[in-house]
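Q: Quick mapping for you: the protein sequence lines, in order, are chains A and F. Numbering of the first sequence is given in this note's numbering, commencing with residue 1 and proceeding in unit increments. Numbering of the second sequence is given in this note's numbering, commencing with residue 1001 and proceeding in unit increments.
Treat the hints with caution; some may be incorrect.
Said to hold, decoys possible - Within a straight-line C-alpha distance of at most 20 Å, the following computed EDC-like cross-link-like pairs (lysine to aspartate or glutamate) qualify:
| no. | chain 1 | residue 1 | chain 2 | residue 2 |
| --- | --- | --- | --- | --- |
| 1 | F | K1017 | F | D1158 |
| 2 | F | K1171 | F | D1158 |
| 3 | F | K1017 | A | E184 |
| 4 | A | K262 | F | D1105 |
| 5 | F | K1178 | F | D1158 |
| 6 | F | K1017 | A | D117 |
Claimed, not checked - What follows is a list of derived Cβ distance ranges for each label pair:
| no. | chain 1 | residue 1 | chain 2 | residue 2 | range |
| --- | --- | --- | --- | --- | --- |
| 7 | F | A1034 | A | P37 | 34 to 40 Å |
| 8 | F | R1166 | A | R266 | 35 to 41 Å |
| 9 | F | L1161 | A | P37 | 52 to 58 Å |
| 10 | F | N1042 | A | G75 | 41 to 47 Å |
| 11 | A | L173 | F | A1098 | 52 to 58 Å |
Just so you know, these hints were derived from the structure itself, not from any lab. Built from N, CA and C at the ideal position, the CB exists for glycine as well.
Now for the letters of each chain:
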Amino acid sequence: MDQNAVIAAPSESFIPPRGAWRRIEPTALGIFGIAAPLVLWELVPHIIELKAGTKLFFAPPSQVAVTLWQMFASGAIWTPLGASATGFALGLGLAILVALPLGILIGRSQTFNALLDPFITAFNATPRLVFLPLLVLWFGLGLWSKVVIVFFGAVFPLLINTYEGVRNADRLLVNVVRAFGANEWDVARLVIVPNALPYIIVGLRLAIGRAVLGVVVSEFFGSTAGLGVVMVQAAAQYHVDIVFAGIIVFTALSLAMTGLVKLLERRLARWRPARPGGE
Amino acid sequence: MSDATLPRANFYRQNRKLLLGALGVALFFAAWQAVFLIVPLNPLFITTPGLMASALVALAENGELANDLSVSAVPFFYGFGAAIVVGVPLGVLMGWRARVGWTLDPLMTALYASPLVALAPLVVIFLGVGIAGKAIIIFLLSVFPFVFNAAAGVRVIDPLLINVVRAMGGKERDLYLKVLFPGVLPYVVAGARIAIGRAFIGVLVGEFFAASEGIGYAIARFGDQFALDRMFACILVITVLAVIFTEGVRWAERTAFPWRAGE
């Protein structure tokens, strides 16, 4: 059909039609892509008769939505969510505090870089989860094993991106600042850090995703408080709706924070003519 | 005289990174071992590299390690294989057909952003603790890097190449074999690098939750038994394997697609 139209009007074939549908088509299809599976999921019990056993595990979206609403309305969600958020914030904060200076150091010093590189490669490749049983032994079932797991998850994207940003600083600018009598501190303040900032922000975005994963995983296996704990307990009692509600909350938080970082990125990059790509 | 010193200086300079890296690792283990010459060792709290090495040898000799690794490898193989088989064609389709891309992109992004590990307890309830449950957890975690990278790979293909193939009378099949597949391949390999790390997490999550064998289970069990030497040995094995896998893929990337090196 489309092709016929093109053949009939060759002169217009390179001008995309500007109908209303064309403009909203990507968004509409995207919404459809999310809504269709949800509707299908909702309709399954109405179309085919579920066995009693399967019914127990089956939570249609409407039920998940109601559960989610009730969790917020009754306030039951705030205590576990607070515990999760504390672990997340402490772990991510520590990761930022460690990763930025260390990243600048290994970006500026070849020797430190070479000495530490095997450890960074090894820890970054290894799933941090292997350390969880050990951390539970060391720190007990509580906040601190969670913080350490979140820290380990978040620190490497930040460290590696900071390092990349520092390494990519313009040599010419460094030399100019040096020629005007700047010491290493001035070089860092005037050239290195502003140059590395977009990279650091990209690292922060990756780190948030890893940190959320760290919170979930550590609460599943080594914690007594938090939204992940609520989810595991619910799963053990076949409250599938609570598990899905928990996933939605975590997803929403992760998307919201990533969105905030994107805003920050745009704000910080305003003066920059072209944005360099990070990882 | 300068002739005599030059090669040595060059050798150091060329391998500086490697040498210093080896020095860093050696220093780390030496310091770890040395600390317990001064501080009394509490074997219920930490171990030493020496004890860890002997535990590793013991585990390797009685075949426990090989057994655990092979048990873990089976669901890894199935889950990761399924991720490639499903993820790459889906990604290519999303990149190649704009409407499919528009339809699936938001859904995939939302799923990728959501902590799918959280589905692990449900998967275990549905499918039990066998190979299938673990393979599905691994699949769920590792499929998305393939989808997104394959789609990105298709989107950056030079339209000129497509037009040339079409102008020369190429069929849809030629387009796939001669343009799309070679163009997408480097992106898929790059996706594999990310996916491997996530698949490792899947193995561990599956085995921490419910298993009676496997390397992740071994770590959890040795932790419960306070057998820290054996626990550290297993952690070391996983670390080495993870490095070999990711660096292996990186090496394959550099060797097979040198024009993309450093991306």
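Q: Evaluate each hint against the coordinates.
A: Comparing the hints with the structure gives:
1. F:K1017 to F:D1158: 38 Å, violated
2. F:K1171 to F:D1158: With a Cα-Cα distance of about 18 Å, the restraint between K1171 (chain F) and D1158 (chain F) holds, given a limit of 20 Å.
3. F:K1017 to A:E184: Roughly 23 Å between the alpha carbons, so the hint for K1017 (chain F) and E184 (chain A) is violated.
4. A:K262 to F:D1105: Between K262 (chain A) and D1105 (chain F) the Cα gap is close to 19 Å, so the pair holds against 20 Å.
5. F:K1178 to F:D1158: The given pair, whose Cα atoms are some 13 Å apart, holds under the 20 Å limit.
6. F:K1017 to A:D117: 9 Å, holds
7. F:A1034 to A:P37: 34 to 40 Å: For P37 (chain A) against A1034 (chain F), whose Cβ atoms are near 58 Å apart, the range 34 to 40 Å is violated.
8. F:R1166 to A:R266: 35 to 41 Å: 39 Å, holds
9. F:L1161 to A:P37: 52 to 58 Å: Violated - the Cβ-Cβ distance for L1161 (chain F) and P37 (chain A), about 35 Å, lies outside 52 to 58 Å.
10. F:N1042 to A:G75: 41 to 47 Å: 44 Å, holds
11. A:L173 to F:A1098: 52 to 58 Å: Because 42 Å falls outside the window, the suggested range is violated.
Checked against the numbered hints listed earlier, the structure breaks hints 1, 3, 7, 9, 11; every other hint is satisfied.
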